[in-house]
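A.B. asks: Read off the chains here:
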Amino acid sequence: MSLARKLLLGLVIACIPIQVFAWNWRTKISLSLKDQPLSVACEWMEKEYGIHFSYSRDVVTMTRRVNIRVKDVPLRRVLDQLFTENGIQYKRIGDQLVLTVKHSASRTISGFVEDAVTGEKLIGATVYAPGLHTGTTSNQYGFYSLTTAKDTSSLSVSYIGYKPVNIPLKDGESRRVNIKLSPANTLQEVEVTDNFPKLQEQTQMSKVNLAVSQTKTMPRMLGEADVLRTIQAMPGVSGGMEGSSGIHVRGGSPDQNLILLDGTPVYNSTHAFGIFSVFNPDMVKNVELYKGAFPARYGGRLSSVVDISMKDGDMHEYHGEVSLGLLASKIMVEGPIAKGKTSFIVTGRRTYADLLAQDVAKNQLNLGKEGEFWLYFFDANAKINHIFSQKDRLYLSAYGGRDHLSVKRDHEFDTMNGEAKRYHEQMRFRLGWGNQAYSLRWNHIFSPRLFSNTTLNYSQFNFNTDYQYNYLALDTPRVRESDNMNGRYFSKVQNAGGKIDFDYRPNPNHAVRFGLQATYNIFQPGILRFNNISDNQQLTDTSYNDETSGGLELAVYFEDDWRIGDSVHLNLGVHASSFLVPGRSYLSVQPRLGFRYLLPRRWALKLSNTMMTQYLHLLTNSATYMPTDLWVAATDKVPPMFANQVAAGLAKTSQSGTYEISVEGYYKTMLNVIEYNELADNFQSATRSWEDNVIVGRGWSYGGEFFLQKKKGDFRGWVGYTLAWSQRAFPNVNQGRVFPYKYDRRHDVELVLTQRLGKRWELSAQWQYSSGAPLSLPVGSYEETGESSPHMPPGLEPGGEVDVAGNRNMLRMQDVHRLDVGATHVKERKNVRYTLNISLYNVYNQQNPFFYYYKRNNETRERELTMLSILPILPSVSYSIRF
Amino acid sequence: MRKILFYIILAFSLAACEKKVDIPTPYDGDKIVVNGLMQPDSVLYIRITRSQPPGASVFPEITDAGVEVKAGGHLLLMQRQQIGGKGYFVSTEPVAAHLSYSITVTAPGLDTVHAADTLPRSPAIKEPFAQAGGNRVKFLLKDLPGKDFYRFRLFSGEKNAAGAVMPVKRLRYRFDPSYNNSFTDLITNNYLESTLIPDERFDGRETTIVMQTEQMNKAGDYLLLEVTGLTYDTWHYMKTLEVQNANEGNLLVEQNRVHSNVNGGYGIFGGLNAAYLEIEIK
Chain C
15 MSLARKLLLG LVIACIPIQV FAWNWRTKIS LSLKDQPLSV ACEWMEKEYG IHFSYSRDVV
75 TMTRRVNIRV KDVPLRRVLD QLFTENGIQY KRIGDQLVLT VKHSASRTIS GFVEDAVTGE
135 KLIGATVYAP GLHTGTTSNQ YGFYSLTTAK DTSSLSVSYI GYKPVNIPLK DGESRRVNIK
195 LSPANTLQEV EVTDNFPKLQ EQTQMSKVNL AVSQTKTMPR MLGEADVLRT IQAMPGVSGG
255 MEGSSGIHVR GGSPDQNLIL LDGTPVYNST HAFGIFSVFN PDMVKNVELY KGAFPARYGG
315 RLSSVVDISM KDGDMHEYHG EVSLGLLASK IMVEGPIAKG KTSFIVTGRR TYADLLAQDV
375 AKNQLNLGKE GEFWLYFFDA NAKINHIFSQ KDRLYLSAYG GRDHLSVKRD HEFDTMNGEA
435 KRYHEQMRFR LGWGNQAYSL RWNHIFSPRL FSNTTLNYSQ FNFNTDYQYN YLALDTPRVR
495 ESDNMNGRYF SKVQNAGGKI DFDYRPNPNH AVRFGLQATY NIFQPGILRF NNISDNQQLT
555 DTSYNDETSG GLELAVYFED DWRIGDSVHL NLGVHASSFL VPGRSYLSVQ PRLGFRYLLP
615 RRWALKLSNT MMTQYLHLLT NSATYMPTDL WVAATDKVPP MFANQVAAGL AKTSQSGTYE
675 ISVEGYYKTM LNVIEYNELA DNFQSATRSW EDNVIVGRGW SYGGEFFLQK KKGDFRGWVG
735 YTLAWSQRAF PNVNQGRVFP YKYDRRHDVE LVLTQRLGKR WELSAQWQYS SGAPLSLPVG
795 SYEETGESSP HMPPGLEPGG EVDVAGNRNM LRMQDVHRLD VGATHVKERK NVRYTLNISL
855 YNVYNQQNPF FYYYKRNNET RERELTMLSI LPILPSVSYS IRF
Chain F
254 MRKILFYIIL AFSLAACEKK VDIPTPYDGD KIVVNGLMQP DSVLYIRITR SQPPGASVFP
314 EITDAGVEVK AGGHLLLMQR QQIGGKGYFV STEPVAAHLS YSITVTAPGL DTVHAADTLP
374 RSPAIKEPFA QAGGNRVKFL LKDLPGKDFY RFRLFSGEKN AAGAVMPVKR LRYRFDPSYN
434 NSFTDLITNN YLESTLIPDE RFDGRETTIV MQTEQMNKAG DYLLLEVTGL TYDTWHYMKT
494 LEVQNANEGN LLVEQNRVHS NVNGGYGIFG GLNAAYLEIE IK
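Taken in order, these protein sequences are the chains called C and F.
Sequence positions in the first sequence follow our numbering and run 15 to 897.
Sequence positions in the second sequence follow our numbering and run 254 to 535.
The hints are simulated quantities; they were obtained by calculation from the structure and are not laboratory data.
Please read all numbers here as calculations on a predicted model, not as lab measurements.
Hints are not guaranteed to be accurate.
Said to hold, decoys possible - Sample of chain F residues facing chain C (criterion: CB under 10 Å; computed from the structure):
{"#": "1", "residue": "351"}
{"#": "2", "residue": "431"}
{"#": "3", "residue": "437"}
Said to hold, decoys possible - Subject to a maximum C-alpha distance of 16 Å in a straight line, what follows is the list of computed EDC-like cross-link-like pairs (lysine to aspartate or glutamate):
{"#": "4", "chain 1": "F", "residue 1": "422", "chain 2": "C", "residue 2": "811"}
{"#": "5", "chain 1": "C", "residue 1": "869", "chain 2": "F", "residue 2": "501"}
{"#": "6", "chain 1": "C", "residue 1": "869", "chain 2": "F", "residue 2": "271"}
{"#": "7", "chain 1": "F", "residue 1": "339", "chain 2": "C", "residue 2": "801"}
{"#": "8", "chain 1": "F", "residue 1": "272", "chain 2": "C", "residue 2": "876"}
{"#": "9", "chain 1": "F", "residue 1": "273", "chain 2": "C", "residue 2": "878"}
Even for Gly, the Cβ is constructed at its ideal location relative to N, Cα and C.
I would like the entire structure built from these sequences, with the hints used as guidance.
C.D. replies: See the structure below:
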């Protein structure tokens, strides 16, 4: 080496340390930028700290705008803050920081799936990466998140009733993609069904997604489509009494169903003593029924979860619908408040039999000219949906409904039972019950993989009856008589709560949900108030059982739908809750486990084991669910109910998605189920001693269910079969022996068929058969007495027998079967849709048993066992116009 | 109330159809039925019959039953009598207040039965009032502290030769619903022959009670108001029987058991104590 070269090398070596020590990773940086491109941040650091950045503008996007405000923060932390979240990586080479694009093997595509026409969010749509055989479904708010391989070039999105679309993905970056699906050209307005994704691709079992369109095309009773009545046609669900739309799931009682409307519990789900459900099908977007394998996010009831989502309202155009039926009329209006940002939907429904029968009732009940007679039910729903930003949406929904009877008499009489007597009578009697449910929900997307929903809700159910009675004798001063009395009985249960739910999709192998809930319950189980002034003398002014109590339920949950391998999936979850009432508290940890294994020929073997705890009891001594029944909180003497359910099954959807088949077996045990033994006499009030009238026992339900459905084509339908046992045991009933529960039905067959004829007609038929329900009849009779002496005058009413109540439910009613048919005609003209539905209920006029009793034959004076049947062949018609 | 709910359901059901059916029901076999209500200062009348299969309306008397009644350990002599076409075992001496009574009945081929009860205190009632042309009967009931059970009835009466008003026919009336929660009586124009009310809403108080009668009061007529104190067994039997009768044919409720204090059989052997007020309508 020449001397010159040695000097040059020495200079270079001498210079390097000088440059290296100009900055290092711990150099303290102060920087404040607001909404500036990344390039500005780099220029600032270069100028202030001598940090040189090297990058290619074609490769690294430096135009992304950032906000940063730091003071004396180490360089590395500042760089992380600037670059890492923007997909840029940095590396020091010499005195330069070289910026390149961060290479990742995967990326996350997220967004909402919605109806292209109305903007309605679609629940349960499948988003699928075909090349990689991986996919996901949109959640209850239409949000999806799919983390997939970086080189995924397209996504396939499908939803029954909508045209599937293929979404090309241009680059390899994570991004938000909102997907719009156009409705297929069918008779249905919106069609939502289960099995997308295919059954073998879901770990969830014992779940039914209801097609709301199916509800509308099925045969109707009195012209009313009914969501819960459609659920009854699913295996594992029975309807209780003939004609009722109540649901009894896998041997459970109605109070063991958690019925949610936009996330808010609804206590009483039926109108008119169970004949119609409170859910107006025009408002319902999606219905999910869980019969078992309960996801960890649900809790508080033992036997089922019915999760109903209301429509959001059209974001782009105004629409309305008016329906006229035999029993009720309905109206619906929806549209944008601010196009593309805010929408609303309002529905209302009322029966009008009383309007038609007003005059007849006034005459029959002698109500007078000023008298009134009302007997109806109504319900109304409203919802507002607002998009604040790509990341934030708000939903405000409200429901109110009521059953109402009122009779008002205002009449001056000239006679009393044929005798001349002038008096003026004013009487008003009211009887009613109803639900209210409100919810405010806020969706927030924290990141493409983390979605959250925060809910505040309030719900109440109340029963009320009152009377006002005024009487004034007019033959004064000869007769001085006056009454002024009023009374009221009411019961109410309320809850207000908040919850926050997170939906986290870290990678395709995990779908994680977690959250927490707090609900405060308020109970007023039967309060009586009276006031009576007779002849200007105050006789009564008092109230009874004016008690209010409360209970706080707290819950946290976590669940992970974990893909262990191509064939093995596990759903691990836990729901932990506590219930706090003055002086005591309860704690419950409820594991929720699901397992799926893919067998040859793409059959899925599914197993589940879930535990549920219910802190609320329903005091009922009725044979069916009545609005007078009372909700109370668990106590030490009457502890919370607890259930453990194990289920196993096979399921498969055919390759084309046309057929779906599932077979399931289940075994459920229940602890602390109750019987309420208060005499069924007028109104009951849960006084402080209500526990003394309760006996605590155990229950068992087990059986098997088969379900085969054809889901595509002009001819569709399903057949369901249930083989089931439901039993109870209480210390003082049937000598403590196990006996069949009142909802026990051994066999149940449901056949539902629909056939499209051309573009306008759709025919439907539903046939159901079920084994006879358990029955209790007297096992003996004997003479009664009421007199201490035979010389007293006899009673005005014939009587004389006492019936000996035998063991509970040891007999069976006769089997029940019925065929209903319906035809729906749809015509569209100038964007107006006309729909006509004609239905025939109980086509072959089968006389199914409603109940049995001993009735005295007026000719022979003997008592005969008599079966009462209701609901003979019932034709109905309904007509709707949608514009 | 459940009755009115049931009627509304039937109204919704549009049409109902009934038919006679035959379902074989289990039957435990005949048992002795004892029906005897003890009123102080009156002789004791006891009916002894056989229970029958469900649905029966005729119940054979057990004429050869062995009936042994003890009053505080003292055996009462019982004689069988036929009154109004029915057979009774009748005591030869009146029932005395403040004594415990027990009964044992035997019959060939049937299980022997036992029952026992006491006698309740007499209700204190006064100041009856009923006005001609009106349809009200008012009176004062003075309830004593402690649990009491009452039965109210109203009779039309006639004066006998001794000048006492004797009951002739039962009358219907209705109460203020604050006593019995029967809100619907007002709209259904439902009038009752008797009412069973516990004293829990007026315990230990003097209360004015107003009965609204179905028929208008006529001048010169006589009414007889009966208020009966009941022992717990008698009350429980009458109340459960009332509920069973009221709910007959009502699917909304499970059939209730009628209380019986007759061990090994059915029926009631209970005490009651009736007080009467004669009312002349003016």
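A.B. asks: Compare the structure with each hint and give your call.
C.D. replies: Evaluated hints:
Taking 10 Å as the C-beta cut-off, the interface hint given for residue 351/F is violated, the closest approach to chain C being about 17 Å. Using the Cβ-Cβ criterion of 10 Å, the hint placing residue 431/F at the interface with chain C is satisfied: the shortest such distance is roughly 4 Å. The interface hint given for residue 437/F holds, since its Cβ lies 7 Å from the closest Cβ of chain C, which is under the 10 Å cut-off. Our distance criterion of 16 Å between C-alpha atoms is met by residue 422/F and residue 811/C, whose separation comes to about 12 Å.
Among the hinted pairs, residue 869/C with residue 501/F is consistent with the structure: their alpha-carbon atoms are about 9 Å apart, no more than 16 Å. With a C-alpha separation of about 10 Å, the suggested pair residue 869/C and residue 271/F falls inside the 16 Å cut-off, and the hint holds. Distance check on the hinted pair: residue 339/F and residue 801/C sit about 14 Å apart at the alpha-carbon level, within 16 Å; holds. Between the alpha carbons of residue 272/F and residue 876/C the distance comes to roughly 15 Å, so the proposed pair stays at or under 16 Å and holds.
Proposed proximity of residue 273/F and residue 878/C is supported: the alpha carbons are some 6 Å apart, at most 16 Å.
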